[in-house]
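J.: Given next are the chains, with one letter for each unit.
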Amino acid sequence: MTAYIIRRLLWMVLVLFGVAAITFVIAFLVPGDPARLYAGTNASPAAVKIIHHQLGLDRPLWTQFGDYMWRVLHLDFGFSYRYQTPVLPAILQRFPATAELALAGVFFELIIGLPIGILSAIRPGSFWDRATMVFTFVALAAPPFWLGLLFLFFFGVVLPVLPIGGYGGGAPQYLLLPALTLGLGGAAYYARLLRASLLDILKSDYVRTAWAKGLTERQVIQKHAIPNALTVIVSQLGMDLGYFLAGVVVIETVFAWPGIGKQAVDAIFTLDIPLVMGTVLFGALLIVTANVVVDISYTFLDPRVRYN
Amino acid sequence: MKRVNNAVMAVLGVGAIVLSACGNSVSNTEGQPVSGGTLLVSFKDDLKTLDPAIGYDTDSWSIERAIYNGLLDYKGFTTQLQPDIAASMPVIATDGKTYTFKLRKDVKFSNGRGVTADDFKYSWERMLDPKTAGPMTGGSFWGGIHGAQDFFNGAATQISGIKVVDPYTLEVDLDTPNQSFLNIVAMPFGFVIPKEAVASAGTDYSHKPVGTGAFVLDKWTPGQLIVIKKNPTYFGTKPYLDEIDAQIGVTPEVGYLRMQNNQMDIPQPDLTIPSAQYISLSANPSYKNRILKTPNVDIWYLAMNANMKPFDNKLVRQAFEYVVNKANQIKILNGRGVVNNGIQAPPMPGYVPNYNPLGLDANGQNIQKAKDLLTQAGYSASHPFPAQDLVYAKASADSDRLAASIQQDFQQVGVTLNLKGLAFNAFLDITGKPNATALSYNGWIQDFPDPSDFIDPILTCAAANVTANGGNVAFYCNTNADKLADQARGDTNAAERLKLYQQFQDIIVTQDFPWVPMYSTVETNVAAPRVHGYQLHPVWPFVATSIWVTGTAPSAAPVSASASP
Amino acid sequence: MAVGGAIFIVLLVVVALLAPVLPIRDPNHGYYELLPSNGAPLAPGGTFLLGSDPNGRDLLSRIIWGSRTALFIGFVANGLALVVGVTVGALAGYLRGWFETILMRLTDIMMAFPVLLFSIAIISIIERGSVLVIVAVIALFYWTAVARIVRGQVLSLKEREFVEAGRALGGGPQHNLLHHILPHLVPIIIVYGTIGIATSISTESILSYIGIGVQAPTADWGKMVADGQDFMFLAPWLVIFPGLMILLTVLAFNLIGDGLRDALDPRARALFRGVIGGVAAGGAGLAGQRPGLDSGAEPT
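Chains as they are written, first to last, in our numbering: chain A, 1 to 308; chain B, 1 to 565; chain C, 1 to 300.
Since the hints were derived computationally from the structure, they do not count as laboratory data. No experiment lies behind these values; they were computed from the predicted model shown. There could be a bad hint or two in this list.
[Stated by the list, open to error] Straight-line Cα separation of at most 20 Å, PhoX-like style, residue types lysine-lysine; simulated pairs:
no., chain 1, residue 1, chain 2, residue 2
1, B, Lys121, B, Lys75
2, B, Lys219, B, Lys48
3, A, Lys223, A, Lys213
4, B, Lys433, A, Lys49
5, A, Lys203, A, Lys223
6, B, Lys219, A, Lys49
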């Protein structure tokens, strides 16, 4: 198992190296001189030239690449043109808002997804089950930005009982709609995932054995089926971080939530490429870390996992 | 100010006087002013900076205006200059090149230190220093100070034309007379800042400003909130408000909705009301009479680069003059604008009302004439006009809509335009390069109320020279026209000077055709009913000093609640 | 439900193909003369069945023409991803060795990216609004998920008797791949391809909504929602109808995919189990939409 953990960590380093290399290449495709963007749109050529040198843009490409990797290794993700500050602090400053939204989103995924998944698995083919299927299909197909706008319109303007977007210092009434919008698709997903794995488990041999032992339906489901099905969900949650970051970008844009996703989208429109690329790297770091953590913790949770 | 990226971004307005004349404004000055309270405003994006040497956008200027002062300022809500930190208007030598400013002795930075002439020399040299990388370096506004060019080139370590005569006397020497120099001095770039604050802020003075103004920065949570509070040591008339909270990340659309739910006082004070909100608010009995309007001093035009095909053919440029349905553009702007066939904007001195030397119809068109000219230029069904990119800056759906309407107009004369909307920075970059953009959609809004601002930075040969970083995106250069501009710049006879600028306009519109002038816009703003004394300033994007508030503060917020002590 | 989805898609495709000859208005022509002087969009009914936008353009026409944009990008981006993904995946699974190693490491890297952010970055840097760039970016992140699935499938097929038999009869790798393995991949390609279209369309709508997808004045559903959102409180139809079309189209493709899976290849269940996480983080992470969802996920 130790070998497995080491392998996963090596894998993590390799992947992050690849990610950084790709972001470097992309950043180099930027049309125009980064020094010019850095200096501001009205800066004089003299000022641009000074900055060009300060940024080291007149050095050979491979030197710049080596330098870039070295800096990334030291968590120096570059300098934001727009905010005139280093990238990583700019990201970390916004990250709590994103984390809050993401956690609340996961909360809604589970609080909505798990009960309806369990209930529909218990009575497959029932009216409840069919209604759940319709809900899950629609929730997975609805464009998140559109859903968010409809929520804003209904709860913020028609009723109006909730604020129309914004952060409000992270207060619950501000958090509710974005988190719900973010969580709804995931709730549908987990409901179906859970239903499917429950159905499989209920057909499996050891559950049949449990039935044979004369346990009640409730006991079988509570003691055997649900704990097993939940392991599926747990592993999936870790894998879904990439999905979550994508969702967060869209939801933050719709709800003007001041997290790293909105910051990155804004940065794109001011051509603040270091900030965008820094956010990409930061996101990759989160995803990879989460994957490795899930993989490793899974080996403890479920001894059936093969270490290859 | 510079080039603006779409109609919504147009903000500075001229003409409180014009306004009261047409009875179009409500200044919300009902009742007796009361002191105290907090005003809640919002901005869509975080401020880029509060460093006056760097900020060149209306968001930054809105707050900078409240925390800094310069030597001169505009009197009340007019375009007339008056002394601010200066004790009196400067003495101008008879050759028009030397300005002597006497400073007030009672002005203190909010850190407690008194302001002297040395601080102005420091602030201005820092602002012009290429190392500061501010927008004024090498630019046309301040470049006329004697010795500035040497300073830009690195040949001198200071600007010889900025002289400290004694602690309270500053002398400025120009290379050539410039009738708009006092307006330039009143720009935010001329604000005074203390050296020690810059030093102690390290690389981050942008976020740690220290000034002399009516307010001081209390708190800046990036991406969320900016709080400014009344400055107890302010030398001028104290403002009514104790505090202004600026929420960041609130789009104007959302801001106006919140205002109607009593969750906001003034949404995005430096931008005109967005289209949809303007339509609803002007139908809303509680608000329709509270909407403030003032002409923006701006001009929106298509720039045709005569150095590039097919616009090297004058007939083509001339043909384009007749195509755009300018009335449709105004309709897209909800009627908030006027058709403009010239290069000056109302109510700038020198603006000619109903200027129409080409005999365009009320929409600003003459389609048949355009077709004839294109035929003359050699284009026909068998030799169609090559499709062109229409390059424009996009910040909102408005820009796309305006561009789409122009695209439709040109279809009528058999010209295909491909819309190419770019982020504002990318737009500035590509249109600022020679021979990179043939046709672009541009806006220019005043820096100060003088007609030279609509010519020197955007239509002279110097501005077409890319090393000067001009806004001459048509890369228009006519030495005869240039001579008129040079002559006008230093002309002390006001009436004669305006004549020269009008002659310049005739050359552009009837002879050389570098632009298709389209329209000028009207700025609109509105505040919540509890806000009083709110007025639109002809030059400043937002003035808070006349405002007082009554009743309960907007319930916006955990944010502002936690910001209060 | 799958049949309902299929009917919807057939109708949509027919209308999209016929759009140029249907008796509808030019989607890009602004009827400014019909707008009131304050430029307010016209409500549904009257001159325009679904109302107009603030440019006086017919919303119905734009929705119909928008279906062309959505379907084009959906089919082409997904097609590209399938071609590349199936080829690379099949080769990796069949040949194994260094090729497979490189492929797997590459997909690891691709799946580590916060995909939407990265697509946004790439598109805005390369060229905003070029349909081909959008197609390429969607395909770029999607093919790795396809390749992983196909590789897994090939690995299991290789061990089966008929391939063994083919090998024993002296068939070369090319022969084996084409004649014995590829036919068995067809069901999974069809199922996966259908769901992939839904993912591509929803990804495209997000990119266009954010403002870096399809550009003005081309009719596009995501862009229409973005343009309409400022007017939502005045003219909700500008947001509701285009968004509804995205929902229905994505829903229909998902239903078809689901139905096809049950009908074509019951074994697909087993297949999808192993890769579901990869799909969610890869292709689906891109769009916030998760294809390949199946009834029996069990981590192995």
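J.: Quick one, are Lys219(B) and Lys49(A) close enough, alpha carbons at most 20 Å?
T.: Between Lys219(B) and Lys49(A) the Cα gap is close to 34 Å, so the pair fails against 20 Å, i.e. violated.
J.: Tell me if the straight-line CA distance from Lys121(B) to Lys75(B) falls inside 20 Å.
T.: violated (24 Å)
J.: Going straight from one Cα to the other, do Lys433(B) and Lys49(A) come out at no more than 20 Å?
T.: Between Lys433(B) and Lys49(A) the Cα gap is close to 16 Å, so the pair holds against 20 Å.
J.: Hinted pair, alpha-carbon criterion (20 Å max): Lys219(B), Lys48(B). Please report holds or violated.
T.: Holds: Lys219(B) and Lys48(B) sit about 15 Å apart, inside 20 Å.
J.: Decide if the proposed pair is consistent with the structure: Lys203(A) and Lys223(A), CA atoms, cutoff 20 Å inclusive.
T.: holds (15 Å)
J.: Mind checking the alpha carbons of Lys223(A) and Lys213(A) for me, to see if they're no more than 20 Å apart?
T.: This hinted pair holds, its Cα atoms lying about 13 Å apart.
In terms of the numbered hints stated before, the structure departs from hints 1, 6, listed from lowest to highest.
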